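2 protein chains.
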Amino acid sequence: MKEPPGEFELIARLCGKLPRTRRVILGPGDDCALLAPSPRPQLITVDSMVEGVHFNLQWGTPAMLGARALNVNLSDIAAMGGVPTSCVVNLAVRPGLDAGFFDGLYRGLRKAAAEAAVAVVGGNITRANQLSITITLLGEVETQAMRRDTARPGDKVYVTGNIGDAALGLRILQNKIPAVGSARNQLVKRFLQPRAQVAAGRKLARLQPTPAAIDISDGLWQDLGHILECSGVGARIISTRLPLSAAYRRVYGDDCDLALSGGDDYELLFCLRNEISEAALRRHLGVAVSCIGEITRDKQALLVNSTGNISAVSHRGWDQLRPS
Amino acid sequence: MKEPPGEFELIARLCGKLPRTRRVILGPGDDCALLAPSPRPQLITVDSMVEGVHFNLQWGTPAMLGARALNVNLSDIAAMGGVPTSCVVNLAVRPGLDAGFFDGLYRGLRKAAAEAAVAVVGGNITRANQLSITITLLGEVETQAMRRDTARPGDKVYVTGNIGDAALGLRILQNKIPAVGSARNQLVKRFLQPRAQVAAGRKLARLQPTPAAIDISDGLWQDLGHILECSGVGARIISTRLPLSAAYRRVYGDDCDLALSGGDDYELLFCLRNEISEAALRRHLGVAVSCIGEITRDKQALLVNSTGNISAVSHRGWDQLRPS
Chain Y
1 MKEPPGEFEL
11 IARLCGKLPR
21 TRRVILGPGD
31 DCALLAPSPR
41 PQLITVDSMV
51 EGVHFNLQWG
61 TPAMLGARAL
71 NVNLSDIAAM
81 GGVPTSCVVN
91 LAVRPGLDAG
101 FFDGLYRGLR
111 KAAAEAAVAV
121 VGGNITRANQ
131 LSITITLLGE
141 VETQAMRRDT
151 ARPGDKVYVT
161 GNIGDAALGL
171 RILQNKIPAV
181 GSARNQLVKR
191 FLQPRAQVAA
201 GRKLARLQPT
211 PAAIDISDGL
221 WQDLGHILEC
231 SGVGARIIST
241 RLPLSAAYRR
251 VYGDDCDLAL
261 SGGDDYELLF
271 CLRNEISEAA
281 LRRHLGVAVS
291 CIGEITRDKQ
301 ALLVNSTGNI
311 SAVSHRGWDQ
321 LRPS
Chain R
1001 MKEPPGEFEL
1011 IARLCGKLPR
1021 TRRVILGPGD
1031 DCALLAPSPR
1041 PQLITVDSMV
1051 EGVHFNLQWG
1061 TPAMLGARAL
1071 NVNLSDIAAM
1081 GGVPTSCVVN
1091 LAVRPGLDAG
1101 FFDGLYRGLR
1111 KAAAEAAVAV
1121 VGGNITRANQ
1131 LSITITLLGE
1141 VETQAMRRDT
1151 ARPGDKVYVT
1161 GNIGDAALGL
1171 RILQNKIPAV
1181 GSARNQLVKR
1191 FLQPRAQVAA
1201 GRKLARLQPT
1211 PAAIDISDGL
1221 WQDLGHILEC
1231 SGVGARIIST
1241 RLPLSAAYRR
1251 VYGDDCDLAL
1261 SGGDDYELLF
1271 CLRNEISEAA
1281 LRRHLGVAVS
1291 CIGEITRDKQ
1301 ALLVNSTGNI
1311 SAVSHRGWDQ
1321 LRPS
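Line by line, the protein sequences are chains Y and R.
Under the working numbering, the first sequence has 39 at position 39, and the numbering climbs by one with no breaks.
Heads up, the working numbering is the position in the second sequence plus 1000, with the first residue counted as 1.
Some hints could be false.
[Unchecked claim] These stretches of chain Y come out as covered by chain R in the derived footprint (C-beta under 8 Å, 3 or more residues):
#	region
1	24 to 31
2	34 to 41
3	52 to 65
4	123 to 136
5	141 to 147
6	182 to 189
Think of the hints as simulated: they come from the structure by calculation, not from any bench.
Keep in mind that this is a model prediction, so the values were computed, not measured.
Ideal Cβ positions, reconstructed from N, Cα and C, are used throughout, including at glycine.
So that you can see chain Y by itself, here it is in the shape it has in the complex:
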């Protein structure tokens, strides 16, 4: 069926002035984009942001939304240690949005793409009742891809940055949790303006042996569960080692439930065969890193406090993540 007129122009605006890289032979304006051969293994991922589910236009600017939509995808490439290269964007447009909105959205998306050296090579625009942005991102593997299925008993478990801030920021935006001042701003920013850990992921993927890794998008406990299930192992996580930010503690105290289950962090969780000090890793990766526990042989995840008392157990081979 025919799309609204102007699709071509909107896509052209979205793609902007394409960087003249050797990678892009033909950008938007034909049936497909045409990319140069890829001598390296390729990564591909798709993620979608839906109004009312993943975002609310009242919460931030259109530019923030565009940048966030790309970063959610960049984080998947980061989790495998890849180099993002190009993307296509599907925009489902509901009535009631003006040109200024799309200008802002595209500006934010293009800026985030330029910062990550990603070419926006094409797209599609369709009418819908609900606004959504779906991005498919390609990347390349430089050496080895980090995977979820290579964690081994004895591995140390690390996370980058702070966790729980974005989940708390979301609840502040939803007026479920009160917060003011700089703590509020910081937490809300972590939700609205996530930054995928692409550079840290690339450096991690060069370590030997290649770490098991995942990005924390659904919440640390659930994403850890994916690693444990894929690798057929368990883990012992020390609750007091979870990296809660000062802003998190100021607004929410020492309760780590949001940090464990909240989601939207877009930090990396990874497992190293050899223990490396947090300080050395921080210097190497260029981001804060915390060792939060270790991989175990028994197929359950234990959450223990600093004195070793167990405060949570997940077992049943992580079947709780699956509907029965």
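Dock chain R against chain Y, hints included.
Below, chain R alone, put in the same frame as chain Y:
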């Protein structure tokens, strides 16, 4: 934000048992799919089908919908003469759909993918108010990619198959045009179960010089306009040469307006430097082919009848396709 539980399982079901090709190193279940290096130039396209805009669940089966969603993308690869290789699928799921619906949808999609030798390597599922299926499809160029910008004055303009059937089928489904019997079935099937001309596109791309080409998704007149605009040329189309099917004529008569403007055909329109007989092209491509006119130097499109009388003119450098 967290997605509904079971996403992993739904994606795994969607992807089915992946063909063990050398192309797919790692399929669904990690942050990204991992594909083997591509020694050939690559094509990438994205297209989306939205409930209430592109389809209505009352019109056909879920399996038809799944197959159609892929064929819409296959048609873009066909238009450039490429070989489709792998895809990722984003599914936006509204409330009220049961497991049987998704089983059917995935079955149709997987079958269409298997027939086209396409690996479904990953996906994403999100909650939404409106059902939509967005597919990003990768392909490879074997020799040269057919483009929109290479039509030259004197080229003959051809289309594969019949045009207008799908547009008529849609209007029959919408109860806007009455039809019964085998003509109705045939026209409705052309809308609900399009088959992208992938094999014909591959053969066309091997011709020298490489034809200009596009797939007819928005309607012949508009898609021809894209070729003319990109190539900086005009065209003279002979209305009586438009390939209207017997079913089209039985239901709608000789009026070619739906064939020109209707869309959803997913046939190929292409321009050849050397005139080749329809019969020879048909033998070579394995599909019916009609020569409908020729490319001209003046930047306007003329629709003429068999005696040369002009019945329609588009000019202004095809700016009418653009919002002012």
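Tell me, which hint numbers fail for this structure? 6
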